[in-house]
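Student: Residues per chain, in single letters:
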Amino acid sequence: MPLFERLYNFACWLTQDRHEAEDLVQETYVKALKGFASFQQGTNFRAWIFRILRNTFLTSKTGLQATATVSLEDESEEEILASAEHTPESILLARSDWQFVQQALTQLPVTHREVLLLCDVEDMSYAEISAALTIPMGTVMSRLSRARRALRIAIQGLRKE
Amino acid sequence: MDCETCQRKLDAYLDGELELTDAKLVADHLTTCPTCARSGLARVQQKRAISSAAAITFKPDPAFRARIEKSIGLAKPSPWGRGWLPLLATMIALLVASLFYLDLKRGHARDQQVLAELADQHVMTLASANPVDVVSTDRHTVKPWFEGKIPFSFNLPDLNNSGFELVGGKVAYLNGSPGAELIFGIRQHRISVFIFDSHAMETPVNASSFSSFNVRGWNQNGLWYLLIGDLNQQDSDKLRELLRQAA
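Chains A and B supply the protein sequences, listed in that same order.
Going by the working numbering, the first residue of the first sequence is number 8, and it counts up by one from there.
Going by the working numbering, the first residue of the second sequence is number 1280, and it counts up by one from there.
Hints are computed from structural coordinates only; laboratory data are not their basis.
Bear in mind the structure is a predicted one, so any value in this text is a computation, not a measurement.
Beta carbons: idealized from backbone N, C-alpha and C, even for Gly.
One should not assume that every hint holds.
[Claimed, not checked] What follows is a list of derived Cβ distance ranges for each label pair: (1) B/1349 x A/52: 19 to 25 Å; (2) B/1342 x A/66: 35 to 41 Å; (3) B/1301 x A/52: 28 to 34 Å; (4) A/166 x B/1312: 26 to 32 Å; (5) A/168 x B/1284: 18 to 24 Å; (6) A/164 x B/1316: 23 to 29 Å; (7) A/130 x B/1391: 48 to 54 Å; (8) A/141 x B/1283: 39 to 45 Å; (9) A/141 x B/1389: 56 to 62 Å; (10) B/1338 x A/166: 27 to 33 Å; (11) A/66 x B/1283: 37 to 43 Å; (12) B/1389 x A/52: 40 to 46 Å; (13) B/1392 x A/52: 26 to 32 Å.
[Said to hold, decoys possible] Each computed DSS-like pair below joins lysine-lysine, with the alpha-carbon atoms no more than 27 Å apart: (14) B/1422 x B/1449; (15) B/1349 x A/38; (16) B/1449 x B/1428; (17) B/1449 x B/1517; (18) A/68 x A/38; (19) A/41 x B/1338; (20) A/38 x B/1338; (21) B/1517 x B/1422; (22) A/68 x B/1349; (23) B/1338 x B/1349; (24) B/1428 x A/41; (25) B/1303 x B/1326; (26) B/1326 x A/167; (27) B/1338 x B/1326; (28) B/1326 x A/68; (29) B/1288 x B/1326; (30) A/41 x A/68; (31) B/1326 x B/1349.
Bound conformation, chain B alone (with noise of 0.2 Å):
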């Protein structure tokens, strides 16, 4: 670049309004030409100057601006003025809409707590050498077993030509309370279906996927159900169907 054109584009450089390559061709030129550097240094100094003589040189009166905030209508409502409703009404929006919030939150985390453990549950029932505590395909023996043993009774469909069949049950805990785990299967399937009374439970689980199970969660005459189990979405509703038709 030569000085001409280096003199003609320094203002712009300096202003930060140059492309980078132009801007790396004038900065490669004053590196060089002391002639250029110079003028740059002047023209800096004078930016600064005008910068440091011209900036905020004069101050408003705050009388002033209270007489401009007054006259466009922003001065400060009296807490007792008529502007007091409008504010209370945004305040009690906001709380509502805050703890509508902070609810929808915590029912999330109890939900993924919940679902965590009845997994974790779920898994060990698999994976254990004795899956259930009864053993039986037949309703009619599954059921009775529980008599005694949970604070409940609830009803179990019949799966005839459903695909679906009984494996057993076996006596879970949430939250210190005893509920039934039922072990359904769909050809090379394993699901857990988890019944506890909806007062130890009150919400149903509100997602139908966990850690690559679905999951399918509601609640029915008093009991809190939750299914969770590797088959697919349409089964997953289907036999939440055949339970829910039962119960």
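Chain A on its own, in the form it takes in the complex (with noise of 0.2 Å):
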């Protein structure tokens, strides 16, 4: 099965739990071999199965309680800038640090745990990112910068508990 062990952890991220996420890995394969004929030859199929897991997730129950929660945030194309009060040199990170940055990764909105991991962890691009997002490219880089920044914030929140 392709990707399978890249959709299941993305799932776990996701869900936070592990029996969603073998339930969100087994209707998207489900989904994805009905649809097959869907998927356009020479487009990008990770980002398509992606995709197909990701809207799973949006209309499961543990979904739509994610995404209800998540503030409504200016997603406008426009570039944003770091603040200055969260310079990333002033976090500069430890080899130790992997749990704040595991921990900090699960404190925030699905939206930017999303965004983070298939650039970070999947290595998409902002073309594959944005096919598997269903968003402009624009909100890609202006989501992931936001998202950059939270993680920032959140890890430094972790270190002064």
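Hey, can you piece these two chains together into the complex? The hints should help.
Tutor: Here is the structure:
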């Protein structure tokens, strides 16, 4: 099965629950097989199957709850600057900080978590992320920028605790 | 590039998403600005931290993999179950296709080897001071000359008004078997027609040219023919037809 482990890992990060992740992955493969005719040869298979998983998640109970609690932030395509009070150099990461990073990731809204995972874990291009999340490229960039800033703030908060 | 622009483009630069020109401007700025360089380093560290903290953090249970494979029909079929027939059919089809392909390859290689050998023979004949062993434009002289020298007999066409002439013939050998090499002429061109017993060469050469020579190969009445020369395609076909009609 193509991308099985990657999809499972992504599903776990989205749902935060292994059983739900298993259901999500299973439903994704069933939908992918049924809808394989809709996959356009020559387009990106990885983005296509991640999109199925993500859309399936959004319509699940957990997905609906997760997205309902996300604040309606400005997602205009204007590029944003890193806030001076949370400059990146102020949170230079040590190797031992990976637990903080994991914990901080779970605290992020799902829209931020998924874009970070697709970019930095799945190493997708902005175009692939745009296809997987069905959002414009400009939104991918602004959402990534906000997600990274939010993660830095979350890590700082965890360090202070 | 100023710091503000650099900071705005830094994420896209580190994600490998900037155009070449912009990427170079950011890279140049980073080498001269310690503040932006520190910011770049921190962002790289964050990218790596996310990657190592979240990549395959959750590994699927093998039982789950098996269950999902079964549910979507990817479970490995038993070799004795109903799945073995299509598998066997596929294997046989693959085997037949492979044998056919190998046979084609072998046939092609054999043709090339025979053509190379007979093309050399043709060139040697043309270059020789005594190109033929029997000199005659009369087919009734040439044909009897081969009797007793080769293990078969053949007929030659009447070339009157055809534009071709029979120059003569000699004994040739291929794969250890004796055969006839007949030399025909048309205008300034010389053509060799090799005739061997089909037992020595079973299949005709499947090529129309070799090494700038035009070539025609065919089997007829238990004999194997190969025509080779620097004449044009039309004349090659015409001589072949004359020989086929006479056979």
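Student: At the C-beta level, are residue 141 of chain A and residue 1389 of chain B separated by a distance inside 56 to 62 Å?
Tutor: Roughly 59 Å apart at Cβ, these two residues keep to the hinted range, so it holds.
Student: If you check the beta carbons of residue 1392 of chain B and residue 52 of chain A, does the distance land in 26 to 32 Å?
Tutor: Since residue 1392 of chain B and residue 52 of chain A have Cβ atoms about 46 Å apart, the given range 26 to 32 Å is violated.
Student: Could you say whether the range 28 to 34 Å given as a hint is met by the Cβ separation of residue 1301 of chain B and residue 52 of chain A?
Tutor: holds (30 Å)
Student: So if I understand the rule, the pair passes when the alpha-carbon distance is 27 Å or less; does residue 1338 of chain B with residue 1349 of chain B pass?
Tutor: holds (19 Å)
Student: For residue 1349 of chain B and residue 52 of chain A, compare the CB-CB distance with the range 19 to 25 Å and indicate the outcome.
Tutor: Check passed, 23 Å falls within 19 to 25 Å.
Student: Just to be careful, I want the Cα atoms of residue 1303 of chain B and residue 1326 of chain B compared with a cutoff of 27 Å; is the pair within it?
Tutor: Holds. Residue 1303 of chain B to residue 1326 of chain B sits at ~21 Å (cutoff 27 Å).
Student: If you check the beta carbons of residue 130 of chain A and residue 1391 of chain B, does the distance land in 48 to 54 Å?
Tutor: holds (49 Å)
Student: Starting from the range 35 to 41 Å, see whether the pair residue 1342 of chain B and residue 66 of chain A falls in it by beta-carbon distance.
Tutor: The hinted range 35 to 41 Å is violated for residue 1342 of chain B and residue 66 of chain A, with Cβ atoms some 27 Å apart.
Student: Please test the hint of 39 to 45 Å on the beta carbon pair from residue 141 of chain A and residue 1283 of chain B.
Tutor: Violated - the Cβ-Cβ distance for residue 141 of chain A and residue 1283 of chain B, about 31 Å, lies outside 39 to 45 Å.
Student: Regarding the pair residue 1288 of chain B and residue 1326 of chain B, is the alpha-carbon distance no greater than 27 Å?
Tutor: holds (15 Å)
Student: Check whether the Cα positions of residue 1338 of chain B and residue 1326 of chain B lie no farther apart than 27 Å.
Tutor: With Cα atoms ~21 Å apart, residue 1338 of chain B and residue 1326 of chain B stay inside 27 Å; holds.
Student: Checking one constraint from the list: CA of residue 38 of chain A to CA of residue 1338 of chain B, max 27 Å. Satisfied?
Tutor: Holds, because 22 Å separates the two Cα atoms, which is no more than 27 Å.
The structure fails to meet hints 2, 5, 8, 13, 24, 28, 31 from the earlier list, while all remaining hints are met.
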